[in-house]
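Letter 219 of the sequence shown, counting from 1, is numbered 223 in the numbering used here, and no numbers are missing.
Hints were generated in silico from the structure; no laboratory data involved. It is possible that part of the hints are untrue.
[What the hints assert, rightly or not] For lysine-lysine, the following BS3-like pairs were computed, each having C-alpha atoms within a straight-line distance of at most 27 Å:
#	residue 1	residue 2
1	415	298
2	481	457
3	457	413
4	308	298
5	525	457
6	508	481
7	457	415
8	298	413
9	525	508
10	481	146
11	146	457
12	6	146
13	298	457
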Amino acid sequence: MKRFAALYWQLDATGSTNDKVAALRDYFATAAAEDAACALAVLSGGRQSRAVSTASLRQWAAEAAGMPAWLVEECYAHVGDLAETLALVLPHPDAAGVGMGLAECIATTIDSLRGATDEEKRATVERVWRSLAGPERIVWHKLLTGGCRVGVSRTLVARALAEVAGVDPAVMAHRLMGECGGAEAYRRLLDREPTAADARRPYPFFLASALDVAASSLGPAADWLAEWKWDGMRAQIVRRGGDATLWSRGEELVNEAFPEIVAAAADLPAGTVLDGELLAARGGTLLGFAALSKRSGRRRVSRKLLDEIPCVFVAYDLLEHAGVDLRDRPLMERRRLLESLVAEPFVTAPAEGGAATARLLLSPAIAADAWESLASARAAARRYGVEGLMLKRRSSPYGVGRVRGDWWKWKIEPLEIDAVLLDAQAGHGRRAGLHSDYTLGVWHDGRLVRVAKAYSGLTDAEIVEVDRIVRATTLEKHGPVRVVQPTQVFQLAFEGVARSTRHKAGVAVRFPRIVRWRRDKTPTEAGALQDLLAMIDAAPPPEPLP
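Please put together the full structure from these sequences, using the hints given.
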């Protein structure tokens with residue numbers, strides 16, 4: 005545990021890529037396989053679950069420190085990080101440290117608490133508190149609450165492990181896709197020769213960057229392939245040997261949620277990997293992301309759900325063909341091979357009363373000879389239920405991660421409404437101590453109702469200024485959250501809005517963010533819930549793709 009905590013603080017203390025890789029390499033080169041496997045799961049952003057509630061931790065820490073609960077809450081609001089706050093208020097430890105590795109520590113002091121009684125949880129937590137020093141306590145608190153995030157990318161982890169194993173970083177990045185299932189799986193990662201597990205793994209996804217310049221500045225339109233920006237779930241189909249697997253961008257195997265796609269993938273030639281989008285679609289009409297999400301997290305999909313929400317896989321890239329890695333080849337070469345495998349484009353008219361016959365379809369290219377034509381297609385995107393356009397350089401290879409310059413997402417202009425600040429929460433990290441997380445509302449029947457939370461859009465100077473206003477206009481305090489007098493108006497942008505039974509206001513906005521501080525408006529001039537409902541009603545059902 006001490007060694008992992010030391011690694012955590014090494015990574016936290018430097019912005020140098022080389023220093024981070026060196027720290028990771030040194031750790032993995034000497035750590036026991038069991039500990040390395042646990043560290044890899046954390047460093048790679050794997051799912052972490054909370055073993056003890058934060059409310060219980062705050063209460064127990066207050067009692068251990070002999071402090072009133074409200075003072076712990078005040079400290080939390082000032083520090084901005086619960087793990088650090090608890091470590092600071094607790095008494096000094098009795099012992100020199102927990103003499104166990106990371107894997108044993110997680111198993112005996114975290115995993116064992118799930119399903120334990122509150123008394124058992126408290127006894128274990130207090131025992132660990134008495135034996136861990138401050139820096140180790142902070143890291144353990146983050147692990148305990150499922151919030152241990154380290155400032156390293158998967159690419160850096162792959163580089164470090166590649167140096168330890170003596171393999172190419174691209175090979176290691178490929179192997180890291182999917183779950184690391186313990187010590188044996190970790191040892192297989194370090195094999196110099198190909199492993200059996202390699203056959204099931206997808207490739208690292210290539211991610212597009214948001215286009216933040218005029219499209220015409222990218223050069224001639226003829227140099228770019230334009231496609232629709234689908235509102236679906238990014239995925240890869242891997243067909244190797246006698247197996248077909250379907251992987252989400254989050255590196256989860258989703259075969260159970262989309263059995264019809266997996267069945268269709270079984271007809272692909274062995275040695276094929278497709279990159280594309282899972283969409284809920286009936287014929288050529290998209291049903292939307294909300295419909296798709298009803299299936300994406302399922303372990304088992306009923307026949308009724310299969311019929312109600314038919315899905316397709318729309319392929320837009322071919323990463324492997326006949327067992328050959330094509331990612332270094334130009335996009336248009338990959339595209340020609342893709343069209344030989346998946347010939348039917350997703351452009352059909354709505355099927356009468358059912359889903360499209362084909363489950364694997366081709367993402368159509370949008371024909372245009374000038375940026376003006378592509379701008380017109382982008383402007384019409386919302387009518388078809390898509391998010392805009394993708395622009396891909398025709399000569400581009402398939403990269404790893406977010407490499408700017410070759411793939412761009414040219415999204416449609418967002419929807420907007422003026423909303424009033426209702427409460428603010430203290431931020432974390434470099435924003436600790438500043439209220440930078442905002443809840444905003446609009447008018448309904450003479451009162452303000454909450455419709456969105458926004459965490460981005462203001463400059464650092466504006467955040468400091470808003471923080472002063474929040475502190476001066478606080479009506480109530482609930483831990484790090486301050487309910488404020490409704491005095492400030494912000495222009496809120498979002499990608500879409502839909503009716504929702506999960507939200508008190510009855511609507512949900514997608515990807516909200518602040519785009520402007522409306523100092524020129526008073527709260528009475530802010531938007532109304534009826535405005536959001538009108539946006540929903542004004543949006544016709546998606547049209548078939550052209």
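Structure-based check of all given hints:
no., hint, verdict
1, 415 x 298, "24 Å, holds"
2, 481 x 457, "18 Å, holds"
3, 457 x 413, "24 Å, holds"
4, 308 x 298, "12 Å, holds"
5, 525 x 457, "20 Å, holds"
6, 508 x 481, "21 Å, holds"
7, 457 x 415, "21 Å, holds"
8, 298 x 413, "26 Å, holds"
9, 525 x 508, "26 Å, holds"
10, 481 x 146, "25 Å, holds"
11, 146 x 457, "24 Å, holds"
12, 6 x 146, "14 Å, holds"
13, 298 x 457, "23 Å, holds"
Of the numbered hints stated above, none is contradicted by the structure.
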